[in-house]
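Read top to bottom, the protein sequences are chains A and B. Just so you know, we're using numbering that gives the first Met the number 0 here: the first sequence kicks off at 0 and counts up by one. Just so you know, we're using numbering that gives the first Met the number 0 here: the second sequence kicks off at 0 and counts up by one.
Hints are not guaranteed to be accurate.
[To be verified] Here are some of the chain A residues that sit facing chain B, going by a computed Cβ distance under 8 angstroms:
#1 Asn150
#2 Pro377
#3 Pro403
#4 Asn414
#5 Asn418
[To be verified] Derived pair list, reagent style DSSO-like, types lysine-lysine, alpha-carbon separation capped at 27 angstroms:
#6 A/Lys353 <-> A/Lys283
#7 B/Lys58 <-> A/Lys330
#8 A/Lys337 <-> A/Lys283
#9 B/Lys73 <-> B/Lys58
#10 A/Lys75 <-> A/Lys108
#11 A/Lys283 <-> B/Lys141
#12 A/Lys82 <-> A/Lys108
#13 B/Lys58 <-> B/Lys126
#14 B/Lys75 <-> B/Lys132
#15 A/Lys283 <-> A/Lys330
#16 A/Lys283 <-> B/Lys37
#17 B/Lys141 <-> B/Lys58
#18 B/Lys58 <-> B/Lys37
#19 B/Lys132 <-> A/Lys283
#20 A/Lys333 <-> A/Lys82
#21 B/Lys126 <-> B/Lys73
#22 A/Lys365 <-> A/Lys353
#23 B/Lys122 <-> A/Lys331
#24 A/Lys337 <-> B/Lys126
#25 A/Lys337 <-> B/Lys141
#26 B/Lys132 <-> A/Lys330
#27 B/Lys122 <-> B/Lys73
#28 B/Lys132 <-> A/Lys333
#29 B/Lys73 <-> B/Lys141
#30 A/Lys283 <-> B/Lys58
#31 B/Lys75 <-> A/Lys283
The hints are simulated quantities; they were obtained by calculation from the structure and are not laboratory data. Idealized CB from N, CA, C, for every residue including glycine.
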Amino acid sequence: MDRILLNTVISIFFFSATASAQKSNWDKQGQNSKTPAQQLVAGTGEDSMSAYGATHSRTVISGYGELYYQNNIDQKTAVVDLKRAVLFVGHQFNGRIAFFSELEVEDAKVEAGGAIGEVGMEQAYLKFSLNPRQYIVAGLFLPRIGIVNENHLPINFNGVERPLVEQLIIPSTWREIGVGFYGQTTALPLTYTVAVVNGVNNANFEHGTGFQAGRQEGQLAGATNLAVTAAVQYFAGNWKFQVSGYMGGTTALGPRAADSLQLESGIFGTPMYLAEGDIQYYNKGLSFKALGCNVSLPDASSINRAYANNVATQMYGAYAELGYNLLQTSKKQKWQHKQLNIFARYELLDLNAKIPDNGVYDGTEKQTHLVAGLGYFPIPNVVIKADVRLLHTGPQNPDLLVNPNPNALPYNQNNTFINIGIGYSF
Amino acid sequence: MNRKDFIKGSCGVCIAVSSGFLMSALLESCKTPLGVIKTAAQDNLVSIPVAEFANSDYKLVRLRNYDYDLAVQKNKDGSFETLVLVCTHAGHPLTKTGNSYYCTLHGSTFDHEGQVTKGPAEKEMYKLNTQIKNDQIIIQLKPIS
């Protein structure tokens with residue numbers, strides 16, 4: 000394992016050095032007006048900027064990826080995984096209409112019948128600009144809910160793993176098909192969005208994963224149920240504030256099938272509500288983030304009755320994070336434009352904060368995570384990360400063990416994970 | 000003090016401190032709403048009276064038939080510079096934040112001089128040639144970098 004890791008790190012540095020040298024050559028050739036990836040696209044036509052704005056068509060290729068090593072101290076196991084490699088392709092038809100997409104490969108490969116790995120469109124939408132400050136998107140896109148869902152590049156969050164609250168309570172990257180209106184006011188530094196998307200599907204809800212498995216993600220999505228989502232962001236000095244909300248039906252069935260399962264159908268039938276708020280601060284290397292989110296499924300008992308998937312009536316999560324760039328005040332030339340960020344994050348979440356009468360409480364779904372670590376940026380778009388995560392959960396409910404293994408070790412409510420990872424974006 | 004009381008107390012202090020910062024930041028921002036000038040270009044030239052900057056060092060300029068807003072900033076030496084509010088990564092419009100510019104598409108940020116402070120953007124913001132002639136700020140609609 001050590002040798003594999005060593006080879007991986009050497010390969011990464013070799014790749015970085017090669018890429019850096021390549022960039023330098025481009026710069027020397029005076030072609031530094033585009034990113035290297037953009038220059039790889041043949042026949043891109045004119046640069047988007049002209050005396051008249053973005054009136055010329057062009058194609059942009061870009062992307063991001065992340066790889067990690069994780070050691071599970073309690074289980075005495077370790078894994079290394081190319082978590083995701085994502086390719087962006089965008090095309091600007093003219094100054095008003097553009098296409099944007101993200102194609103993702105998760106866990107390095109996908110094989111027929113395999114349980115892991117995924118190839119999927121993370122986004123694919125058309126963007127229609129109404130004016131410089133307002134536009135409409137139509138297609139498969141990521142609603143503005145939480146921090147990570149919209150901005151999920153590994154260079155944009157501290158830690159090898161995305162915050163657990165933004166994986167389990169707000170399942171990133173949560174995309175659905177719909178139409179969204181985005182804008183920003185001219186008088187104040189305030190942005191807003193409202194969107195209509197297809198709803199989630201409660202038939203696929205799984206105990207222990209919130210509503211994550213109910214996302215339809217653009218694949219023959221049931222559209223008898225819809226959802227409305229909206230968000231407002233406000234920028235004040237070095238602060239950024241956001242509130243967002245989601246309200247949608249979860250029964251993706253026609254009325255006859257829904258009636259037979261005693262589920263309420265229709266646009267907002269068997270509803271799900273989500274409310275989220277977050278704060279971000281950055282100034283002179285010091286960063287702070289805090290987020291809170293609450294999800295409510297008032298008709299969870301109906302869903303459990305229909306599908307026996309033991310979903311909760313309410314779940315919530317919150318985290319706060321403090322970070323600092325240790326190289327912020329360095330005067331040495333060699334540390335210029337580099338970052339060494341230390342951070343600590345505390346997260347708490349409960350996937351069954353309230354359960355219906357026909358639900359079974361699972362203490363392991365009430366969790367706290369304390370994460371502390373480092374992120375080194377040799378250049379702004381490449382990061383090498385390392386952290387330690389301390390997990391604490393509630394006790395296991397023996398009623399949920401259908402076929403208990405007589406040789407199983409007692410459930411440990413505390414665990415430690417050591418993570419090392421790399422990430423890039425371009 | 001048990002652990003629960005400690006966590007409750009700590010959270011209370013954090014909320015109180017954050018609320019203080021929050022209120023001061025909000026009040027600070029309310030003092031300086033974004034000034035917007037709506038105009039049009041003639042022969043690829045934009046003309047704005049210098050007097051528009053009598054009480055402000057920053058104006059947002061929206062041009063008819065132009066795809067992005069412009070940020071015109073007055074420097075300490077009395078000169079002016081103009082940034083185009085478009086992200087150099089994927090061509091998405093930028094949002095003016097308190098002291099910087101932000102791209103909602105991938106999270107790139109730029110400082111008030113247009114330098115990249117966070118990727119994925121790699122190139123600084125486009126700047127337009129800006130000069131003062133006869134008490135008018137003349138902006139040439141052509142990228143200079």
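Structure-based check of each hint:
| no. | hint | in the structure |
| --- | --- | --- |
| 1 | Asn150 | 4 angstroms, holds |
| 2 | Pro377 | 12 angstroms, violated |
| 3 | Pro403 | 32 angstroms, violated |
| 4 | Asn414 | 19 angstroms, violated |
| 5 | Asn418 | 22 angstroms, violated |
| 6 | A/Lys353 <-> A/Lys283 | 42 angstroms, violated |
| 7 | B/Lys58 <-> A/Lys330 | 34 angstroms, violated |
| 8 | A/Lys337 <-> A/Lys283 | 14 angstroms, holds |
| 9 | B/Lys73 <-> B/Lys58 | 9 angstroms, holds |
| 10 | A/Lys75 <-> A/Lys108 | 25 angstroms, holds |
| 11 | A/Lys283 <-> B/Lys141 | 33 angstroms, violated |
| 12 | A/Lys82 <-> A/Lys108 | 10 angstroms, holds |
| 13 | B/Lys58 <-> B/Lys126 | 15 angstroms, holds |
| 14 | B/Lys75 <-> B/Lys132 | 18 angstroms, holds |
| 15 | A/Lys283 <-> A/Lys330 | 14 angstroms, holds |
| 16 | A/Lys283 <-> B/Lys37 | 34 angstroms, violated |
| 17 | B/Lys141 <-> B/Lys58 | 19 angstroms, holds |
| 18 | B/Lys58 <-> B/Lys37 | 10 angstroms, holds |
| 19 | B/Lys132 <-> A/Lys283 | 37 angstroms, violated |
| 20 | A/Lys333 <-> A/Lys82 | 31 angstroms, violated |
| 21 | B/Lys126 <-> B/Lys73 | 14 angstroms, holds |
| 22 | A/Lys365 <-> A/Lys353 | 11 angstroms, holds |
| 23 | B/Lys122 <-> A/Lys331 | 23 angstroms, holds |
| 24 | A/Lys337 <-> B/Lys126 | 25 angstroms, holds |
| 25 | A/Lys337 <-> B/Lys141 | 32 angstroms, violated |
| 26 | B/Lys132 <-> A/Lys330 | 40 angstroms, violated |
| 27 | B/Lys122 <-> B/Lys73 | 22 angstroms, holds |
| 28 | B/Lys132 <-> A/Lys333 | 42 angstroms, violated |
| 29 | B/Lys73 <-> B/Lys141 | 19 angstroms, holds |
| 30 | A/Lys283 <-> B/Lys58 | 25 angstroms, holds |
| 31 | B/Lys75 <-> A/Lys283 | 21 angstroms, holds |
When each numbered hint is compared with the structure, violations occur for hints 2, 3, 4, 5, 6, 7, 11, 16, 19, 20, 25, 26, 28.
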